[in-house]
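All residue numbers for the sequence shown refer to this note's numbering, where the first residue is 79 and numbers rise by one.
I should point out that these hints are in silico values taken from the structure, not numbers from a laboratory. Remember, it's a predicted structure, so these values are computed and weren't measured experimentally. Heads up, a few of these hints could be off.
[Said to hold, decoys possible] Derived BS3-like pairs (lysine-lysine); straight-line CA-CA distance at most 27 Å:
hint	residue 1	residue 2
1	139	192
2	216	139
3	192	216
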Amino acid sequence: MPKPRPLQTGTPSVVSPANGRELKEGSQLSPKAAREPWIIRTYAGFGDALQANARFLRNLKEGQRGLSIAFDLPTQNGYDPDAPVAAGEVGKAGVSLCHWRDMEQLLQGIPLDKINTSMTINATAPFVLALYLVVAEKYGIPWTELRGTTQNDLMKEFVARGTSIFNPDVSFRLSTELIRFAVERVPNWNPINCCGYHYMESGAGPAEEIGYTFGNALMILDALRSHLTSEAFENTVRRISIFHQQRYRVGTRDLQDPGVF
Numbered sequence: 079m080p081k082p083r084p085l086q087t088g089t090p091s092v093v094s095p096a097n098g099r100e101l102k103e104g105s106q107l108s109p110k111a112a113r114e115p116w117i118i119r120t121y122a123g124f125g126d127a128l129q130a131n132a133r134f135l136r137n138l139k140e141g142q143r144g145l146s147i148a149f150d151l152p153t154q155n156g157y158d159p160d161a162p163v164a165a166g167e168v169g170k171a172g173v174s175l176c177h178w179r180d181m182e183q184l185l186q187g188i189p190l191d192k193i194n195t196s197m198t199i200n201a202t203a204p205f206v207l208a209l210y211l212v213v214a215e216k217y218g219i220p221w222t223e224l225r226g227t228t229q230n231d232l233m234k235e236f237v238a239r240g241t242s243i244f245n246p247d248v249s250f251r252l253s254t255e256l257i258r259f260a261v262e263r264v265p266n267w268n269p270i271n272c273c274g275y276h277y278m279e280s281g282a283g284p285a286e287e288i289g290y291t292f293g294n295a296l297m298i299l300d301a302l303r304s305h306l307t308s309e310a311f312e313n314t315v316r317r318i319s320i321f322h323q324q325r326y327r328v329g330t331r332d333l334q335d336p337g338v339f
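Starting from the given sequences, assemble the full structure and let the hints guide the process.
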């Protein structure tokens with residue numbers, strides 16, 4: 079067994095995990111970018127857009143470097159807040175949005191070109207991302223300067239969660255169309271976040287969780303491959319993110335650590 083490396087102090091060297099060589103400025107992951115801390119943000123959203131906006135502004139004032147937006151169930155399922163079926167759920171599990179003016183109120187005072195925005199939204203992801211882009215355009219911010227993520231993982235909704243609207247075929251087409259659009263028009267955006275966490279919550283073990291998650295990602299890439307140039311396909315691969323649940327066994331207890339990469 080190889081001996082562990084000694085603990086290094088001072089400024090760490092930056093190496094590529096693929097080949098161990100030092101990364102140079104101008105490479106895909108420059109030393110400066112590699113040393114930036116991960117974005118840690120509170121998953122938040124409740125009430126109407128103005129109430130949620132006040133919470134976001136407070137979090138950003140305290141030093142948070144990005145947003146993680148929670149949407150209520152009517153928004154997740156494509157219902158207006160005044161729909162009878164939405165009674166009792168409006169603004170409960172997240173913020174209520176049904177119009178671009180709601181998104182404008184939600185984001186007022188927030189520099190969209192300076193932060194990273196994660197939106198946990200699936201069945202209505204194309205609609206919600208469109209609202210975000212409209213507001214950015216209204217603020218004079220080019221789409222190329224926007225950074226963030228839409229979860230947009232429709233397949234896991236059928237298996238492990240349940241906020242689906244259309245049948246699997248239509249849902250899959252909408253999901254992949256959003257990916258194609260974002261890679262071309264919003265190039266710094268992560269258009270899908272393939273989720274393993276929800277499989278775990280539904281009873282999957284660690285191996286199943288990883289297998290289902292990466293299987294989902296591969297299925298999406300297979301569907302997109304024939305529609306994209308090799309360069310566009312490479313950019314698409316770079317923009318897929320993964321949400322998993324790491325598990326560590328200590329004695330007889332399982333310690334769980336959600337992670338995104």
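* CA of residue 216 to CA of residue 139, is that 27 Å or under? -> 24 Å, holds
* To do: Decide if the proposed pair is consistent with the structure: residue 192 and residue 216, CA atoms, cutoff 27 Å inclusive.
  => 16 Å, holds
* Are the Cα positions of residue 139 and residue 192 separated by 27 Å at most? -> 14 Å, holds
Going down the numbered hints, you'll see the structure goes against none, and every one checks out.
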